[in-house]
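Visitor: Chains E and D are the protein sequences, given in the same order. For the first sequence, the numbering used here gives the first residue as 239, with consecutive numbering after it. For the second sequence, the numbering used here gives the first residue as 4, with consecutive numbering after it.
No lab work stands behind these hints: they were computed from the structure. Computed from a predicted structure; not experimentally measured. A couple of the hints might just be wrong.
Claimed, not checked - Partial chain E-side listing against chain D, Cβ under 10 angstroms, derived:
id : residue
1  : Ser-344
2  : Ala-346
3  : Asn-350
4  : Phe-360
5  : Leu-364
6  : Gly-383
7  : Ala-384
8  : Trp-394
9  : Leu-398
10 : Arg-407
Ideal Cβ positions, reconstructed from N, Cα and C, are used throughout, including at glycine.
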Amino acid sequence: MGLAGIPTPAVTSWNPLKCSGTGLPANLTILVKVLAIALLLTNHVRILPDPWLSFIPPIDAIPPLFFKRTLQTVFLVSALAIIFNRRLRVASLILGATMLLAVVSSKAYYGNNKTFCGLMLFLAGLYKPGGYPFLRWQLALTYFGAGLNKLLDADWHSGLFFENWSVNRLHQPWYIALDSLLPAMYLARFMCWATIVTELGIVPFILIPSLYEWVIISNVLFQASLLLFDGTTFTVFFYSMTAASLAFVAWPTEPVAVMYDANRGFGNAAKRFFSSWDFDRRFLWVPTEGILHFSLGSKVYSGFRALRMLLLLNPVTYFTIAAAIAACESVPSAALIRRLIVAVALLLLMPPLAWVADKFFDHGHPQPAPRLKEFA
Amino acid sequence: MRTIIPILLLAFQFGAIVYARFVPTRYFCWAPYDTQTDYVASAVVNGHTLTPAEFQHRYRRGMRGFDNRSPQHVIDMLQQAEEKHAALGDKTTIVMKYRVNGKEPREWDWPASPPQQ
Numbered sequence: 239m240g241l242a243g244i245p246t247p248a249v250t251s252w253n254p255l256k257c258s259g260t261g262l263p264a265n266l267t268i269l270v271k272v273l274a275i276a277l278l279l280t281n282h283v284r285i286l287p288d289p290w291l292s293f294i295p296p297i298d299a300i301p302p303l304f305f306k307r308t309l310q311t312v313f314l315v316s317a318l319a320i321i322f323n324r325r326l327r328v329a330s331l332i333l334g335a336t337m338l339l340a341v342v343s344s345k346a347y348y349g350n351n352k353t354f355c356g357l358m359l360f361l362a363g364l365y366k367p368g369g370y371p372f373l374r375w376q377l378a379l380t381y382f383g384a385g386l387n388k389l390l391d392a393d394w395h396s397g398l399f400f401e402n403w404s405v406n407r408l409h410q411p412w413y414i415a416l417d418s419l420l421p422a423m424y425l426a427r428f429m430c431w432a433t434i435v436t437e438l439g440i441v442p443f444i445l446i447p448s449l450y451e452w453v454i455i456s457n458v459l460f461q462a463s464l465l466l467f468d469g470t471t472f473t474v475f476f477y478s479m480t481a482a483s484l485a486f487v488a489w490p491t492e493p494v495a496v497m498y499d500a501n502r503g504f505g506n507a508a509k510r511f512f513s514s515w516d517f518d519r520r521f522l523w524v525p526t527e528g529i530l531h532f533s534l535g536s537k538v539y540s541g542f543r544a545l546r547m548l549l550l551l552n553p554v555t556y557f558t559i560a561a562a563i564a565a566c567e568s569v570p571s572a573a574l575i576r577r578l579i580v581a582v583a584l585l586l587l588m589p590p591l592a593w594v595a596d597k598f599f600d601h602g603h604p605q606p607a608p609r610l611k612e613f614a
Numbered sequence: 004m005r006t007i008i009p010i011l012l013l014a015f016q017f018g019a020i021v022y023a024r025f026v027p028t029r030y031f032c033w034a035p036y037d038t039q040t041d042y043v044a045s046a047v048v049n050g051h052t053l054t055p056a057e058f059q060h061r062y063r064r065g066m067r068g069f070d071n072r073s074p075q076h077v078i079d080m081l082q083q084a085e086e087k088h089a090a091l092g093d094k095t096t097i098v099m100k101y102r103v104n105g106k107e108p109r110e111w112d113w114p115a116s117p118p119q120q
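Excised from the complex, chain D in its bound form (with noise of 0.2 angstroms):
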């Protein structure tokens, strides 16, 4: 078990690596601080557009801020809780404007607008 684990940990980083060449995302493919995505968003529920704590509450993040992997990992974040309240109910709206290493704004939208590559 010694042996294996370790390798079996490095196997999925490897291969982590090589999915990542991929897809937008860089989850566990040591990408650290390889991009910086700054953005603002601002979200509407059922109606009512949440305060910067009550985005902080809903999205762990705040409404304002940086992600220094991949733009991908914001809108991961912000989609993927939406699809969860969305099953309970919730009608939201979300708007994120975004610039990835300070290049033009790009946008984002909830519901579903892919994001500009």
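Extracted from the complex, chain E is given alone in its bound form (with noise of 0.2 angstroms):
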């Protein structure tokens, strides 16, 4: 290794939770195992399906067991091959491959959400260096078809949708509660139409790289919202739509040099908590005097929001949330449990909270971090 860059080993590690050396940008590669995570986890291989129906009618002719039961394989390995880094890239064409092959396949298995995570994975394993970001574009187009839907369709004007959604289907009790105390129809109305402006809002931002980060908050608080609403994944559309923003999101490519105070319990305690699970070794700890901070790009990152930025350039911390999420598909109270992770995460894990912590504590500004070749 040199201090050039994240370490590159000659043999890619089988460690799952490692990211460098995979063939595919970190962002990406953290994008197909978040997304083979959640569809291991949550057993989507039992779900894949022999021919019925297809929407190509030369595929019902295929003997179904055979077909399923090499669907079910292929869709095993190339999982597989993902968590343990094995040729990611093309295991994730494979994979994606597998999904929409299964997606035109069947017409009880056909869904949004499947033909989603194909299609995140397909193109992903379709990535090369320099190429169009069609990740960000399947992503424009996906808010862009649903929006305009809903835009042309009267009973999203009304309101109609949510109202019996909601009360009719879900019985919300958030929403039956707040509903009363409103206007009839008011609070369906905003809500359809909330809905109609972030979908179509979203997309003109997904097509400006200076907008990036909004589209990063606005897609994972839509998203987030809709899980915390219904208590549902929607199958794999929750994973799949919000791992759609690592798309947006270049990692750095160089270790972060994290400044420390070595003299003071916190300054050693986050590092040897941070240093525990960075397989990829993408932070440089260095003793210095005053509060743990490091410089990225432009911006200094100090106290609390150097502690949440830690976490999110750290791909272990999406594998746990991803992880967590899907294991508790089938135990009691899933939807809940759901809840209380995506809560907790965005809590720790969107701004707010850092900057309220650092203004309480009062960490002052420290001057941004010599850069790493100051320490060759």
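Mind docking these for me? Both chains are given alone in their own frames, and the hints should help you get the complex.
Guide: Here is the structure:
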């Protein structure tokens, strides 16, 4: 390893928690691994179909058991290959193709969530450096289609969809309680139009690089709000839509020099904690005086905001969140547990809490950290 | 290929979004959870009324349930399954009563009865 970059081993590690040297950039490596984790832990393999009323009629002629078992075998092998860093790009391509084939092979299996998940994996598998941002364009197209369909639907204009869904279908207690305090259909119309505006409004942001941060925040908050409201992940929609946010992030290619005070318990504790699960050696801990801080591009992060960014920069954070949500699929009170996990993740990882904590503890403003080469 | 294939995929989806404006189905046009259809269906095959388990096995859907995209998706599954079975000599009647977003009840019957819009 040199100080020039994250270690790229000669042989790709089998460690599932490592994301370097996989053949894909860090953000896409994390994206496909998050999806593979969710697909495996939700036991998605069990619902892969045999051909049935296929969108491509010749597929119906394939012997059903042969088709299904082949699909399941390829699905499992490619998902595990992703987890263990085996030919990640090709495995992602195959896993995505498997899901897309399953979608077109059976109207019973067909679903927007599986289609989008398959496309994310497939397009990640077609990644090439310097290529077009197809993953971002896919997210834009998805939001455009969803928003346009609602914009042209009278039941969304009137709020009838949301009223029926929330009251008659979900029996959503928060909605019903709030609805009873407001004029008839007021809340329903607001929720419908807020959805339409969000879905269509996010599209131009996706096409403007300087607004990517707002895309990430909007996308994550929108998908999280759906889960918090409904209590479900809409099969794999929540995982794949939130994971798509990773397509808008460029991970640092050099280790981040984190300045910490070795004479203080907090600094040492932070170093020990974050180092213990920094499998890619993304952080270089540099003893110095003053509060914990580091530079990333033109920004300086200190105090609690630094801690928040250290969480966000470590791929294991995303694996943990995805695994926690996916693992409670079949447990009692799964909806409540999912909501708690998402709520806690939002609280810890979205900007406001760290900003408030820093203001409360008044850490001051450190100077930008020296560049890494000064430590050569 | 790594450019052409994604372009073709995106173009197909864009075409599906446009196509969806002219048909009652919502396949591949990104219309998830845009319409709540709740339905109850029953089927009589060669004089035998299907049990819930038999209905599920034949149509891959329950006798009563929900669809989150379009009522036409449920109708497609029932109708296309029966078109295949009819070729094998089955005589089937299906009655499906459904509501879209909780509005007035509608009915679809097989043999063909055009769905109400």
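Visitor: Each of the hints needs a verdict: does it hold here or not?
Guide: Hints, one by one, checked against the model:
1. Hint on E/Ser-344 holds. Least Cβ distance to chain D is approximately 8 angstroms, under the 10 angstroms limit.
2. For E/Ala-346, the suggested interface contact is upheld, since its CB lies about 4 angstroms from the closest CB of chain D, less than 10 angstroms.
3. The interface hint given for E/Asn-350 is met, as the beta carbon of that residue sits about 4 angstroms from the closest beta carbon of chain D, less than 10 angstroms.
4. Restraint check, E/Phe-360 versus chain D: the minimum CB separation of about 8 angstroms is within 10 angstroms; hint holds.
5. Taking 10 angstroms as the C-beta cut-off, the interface hint given for E/Leu-364 holds, the closest approach to chain D being about 5 angstroms.
6. The interface hint given for E/Gly-383 is met, as the beta carbon of that residue sits about 3 angstroms from the closest beta carbon of chain D, less than 10 angstroms.
7. Hint status for E/Ala-384 relative to chain D: holds, with the closest Cβ pair at about 5 angstroms, below 10 angstroms.
8. A least Cβ separation of about 7 angstroms between E/Trp-394 and chain D falls short of the 10 angstroms threshold, and the interface hint therefore holds.
9. Because the closest C-beta pair between E/Leu-398 and chain D is about 5 angstroms apart, less than 10 angstroms, the hint holds.
10. Contact between E/Arg-407 and chain D, as hinted, is supported at the beta carbon level, the nearest pair being about 6 angstroms apart and thus within 10 angstroms.
In summary, this structure violates none of the numbered hints.
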